[in-house]
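There are 2 protein chains.
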Amino acid sequence: MKIKIAQFGLGPIGLETLRLAAAQPWVEVVGGVDIAPEKVGQDLARLTGRHSLRGRQVYRSHEELPQQPDLIFHTAVSDFRTAFRQLEPFARSGISVVSSCEELLFPGLREPKLAAQLDKLCRKAGARIIGTGVNPGFVMDVLPLCLTGVSQDVRAVHVQRVVNASTRREPLQRKIGSGLPPHEFRRLLRAGAAGHKGLKESLALLAEGLGWKLSKIVETGNAIVAEKTIQTPHLRVRRGQTCGLHQRAEGRVNGQTRLTLDLKMYLDAEDPHDAIQIEGNPPLNLVVNGGTAGDQATVAALVNTAARIFHAPPGLLLMTDLTLPRFSLPR
Amino acid sequence: MKIKIAQFGLGPIGLETLRLAAAQPWVEVVGGVDIAPEKVGQDLARLTGRHSLRGRQVYRSHEELPQQPDLIFHTAVSDFRTAFRQLEPFARSGISVVSSCEELLFPGLREPKLAAQLDKLCRKAGARIIGTGVNPGFVMDVLPLCLTGVSQDVRAVHVQRVVNASTRREPLQRKIGSGLPPHEFRRLLRAGAAGHKGLKESLALLAEGLGWKLSKIVETGNAIVAEKTIQTPHLRVRRGQTCGLHQRAEGRVNGQTRLTLDLKMYLDAEDPHDAIQIEGNPPLNLVVNGGTAGDQATVAALVNTAARIFHAPPGLLLMTDLTLPRFSLPR
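Residue numbers (this note's numbering), protein chains in the order written: chain A, -7 to 323; chain B, -7 to 323.
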């Protein structure tokens, strides 16, 4: 039994997701959907370089797809309010969704009413909707939770992620403020117009998974400033300009800081890694040396999650509702 | 809604499991079961040091318990054949089980018929039975599988665990051959009368989780020999005597070694750690510095698994059938 899928959003992550999905023996691709007029009508084989997709096209809306998909990969937006408008018709039609939308990792945090509404629609029509990825979706939430599976007691969880942005694609190098005057980037961060999305959602998923009620979430962001000229294949940053982002979120329970997420993404970062520390019994100290590669891991998380989502009951789901994450080539 | 539990097997791990379980707000302890005559009739408060258990006793059989439990923690044996005889009546009565029995992590490996039979009984009476722990059950199977949740492709998985047995309790120091002449310990290993249990089951769970069909499993064991005198709180080992165990299992798929599990448990081991390497896209390299503490983690895994088991459908279950492992104090 193959699962019929469609790809909503044909940017770099969407195309990569489609390539990986198309290679799975359990997937049948029915088409793509994008709102950009220049993409509509294009052939997916040409867009992805996968011959097996010849004849599958990009449509303006999911209603124009030649067959209704069982599941849509949604890689279009970061905020749940916008995602809600895109996903609501899928939920009503009973189409499941695996999305890279950062706020969808824990949609009830910012939009509890919209989340409840979408959950209700999903249950009614038998759809499952979930947000995932590498971060949010794995390094700062799912992996630390998994580690606490052998904890008798957890007092605090600390996660640190250092990403060397020099090895990443251009949009990410731009996103972290590369080349901007630090005061300008700080202003963008304060205005919410720049920065990594999903840190608060990771905190919320961690807290929910551990059964903790957060009394407060504090998020801060700052520019990392270049100490010398940095040249990447995509851009050049001079000394004193922004070369990256340092973002941090703390979760407090009854006034005590029990969750800290610390993210640094900057050009020429040395020793990129993910580190997880569980204060508790037993104490646990985990390091992913070299870190967990961003875009590749996000695409993998989307496809691997799709392979497990139909085992869960219908609804707007969290990663803690699904079975153990794992590589899922076959069914 | 509390879950009524009973503890089957009141050795060190069983008592520790009972202590941790009794501290959970979602647990009501109905009693203990042990086949040792000297334990029958004893008060659980005295055995565990937990006042809240006053009046709860040890019985000869689960049928004598004052109330039927919803779930039994089973910490009695390593082999599935023996466990089967103990668990069959529970399954028939619809009582669920979380067990530290090593072979129960993947019971179909050695005893596919008995496993199918137990699964059938479970489904019929609505019971869930699962085996878990720190190893097998976490470090060499569940944690590496979780890591592949962000893998687009997995070519091989290698896990290495180094345990400093000097910090562990006496039975473990004996189990790894401490003080025996190396040829004697090797003979015991070959005869299956010594060594770590569950390495093959970890391999089987890994392979199943990844969707691989193992064509061959090769397991080897050897003595680690003391290079100088070692003194622990429990025993003394002289130079040339056995001070530990080196055990290794390889899983082959179509003749190619794609899974390796390497376990060293020895006295005065330096740099104890767990290391997981995923060969694939992206490559992943994880280290738990200091390692994952054995007994504490096993007890935690049992209780945390019990908190999630009722979300899964009835049957003889694998850890890949349950939702994401996590610390589960509250419900």
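Hints listed in this document are in silico derivations from the structure and should not be mistaken for laboratory results.
Incorrect hints may have been included.
Pairs involving identical chains hold if they fit within one copy or between any two copies, as the list cannot separate such chains.
Derived lysine-lysine pairs resembling DSS-like cross-links, with alpha carbons at most 27 Å apart [what the hints assert, rightly or not]:
{"#": "1", "residue 1": "K(-4)", "residue 2": "K205"}
{"#": "2", "residue 1": "K(-6)", "residue 2": "K205"}
{"#": "3", "residue 1": "K220", "residue 2": "K(-4)"}
{"#": "4", "residue 1": "K(-6)", "residue 2": "K167"}
{"#": "5", "residue 1": "K105", "residue 2": "K167"}
{"#": "6", "residue 1": "K(-4)", "residue 2": "K116"}
{"#": "7", "residue 1": "K208", "residue 2": "K(-4)"}
{"#": "8", "residue 1": "K256", "residue 2": "K31"}
{"#": "9", "residue 1": "K31", "residue 2": "K116"}
{"#": "10", "residue 1": "K(-4)", "residue 2": "K256"}
Verification of the supplied hints:
1. Within a single copy, K(-4) and K205 get their C-alpha atoms only as close as 39 Å, which misses the 27 Å cut-off; across copies the closest is 26 Å, which meets it.
2. When the C-alpha separation of K(-6) and K205 is checked against a cutoff of 27 Å, the pair qualifies only between copies, where the shortest distance is 21 Å, while the shortest distance within a copy is 40 Å.
3. Taking CA atoms no more than 27 Å apart as the test, K220 paired with K(-4) passes in neither setting, with 51 Å inside one copy and 64 Å between copies.
4. For a Cα distance limit of 27 Å, the shortest separation of K(-6) from K167 qualifies neither inside one copy, at 38 Å, nor across copies, at 49 Å.
5. Taking the shortest Cα distances, K105 and K167 never come within 27 Å of each other, neither inside one copy (30 Å) nor across copies (57 Å).
6. Within a single copy, K(-4) and K116 get their C-alpha atoms as close as 21 Å, which meets the 27 Å cut-off; across copies the closest is 34 Å, which misses it.
7. Taking the shortest alpha-carbon separations for K208 and K(-4), neither the intra-copy value of 42 Å nor the inter-copy value of 35 Å comes in at or below 27 Å.
8. Taking identical chains as interchangeable, the C-alpha atoms of K256 and K31 are never at most 27 Å apart, the minima being 34 Å within one chain and 56 Å between chains.
9. Taking the shortest Cα distances, K31 and K116 never come within 27 Å of each other, neither inside one copy (33 Å) nor across copies (54 Å).
10. Proximity of K(-4) to K256 under the C-alpha cut-off of 27 Å is found in neither arrangement, the shortest distances being 38 Å within a copy and 46 Å between copies.
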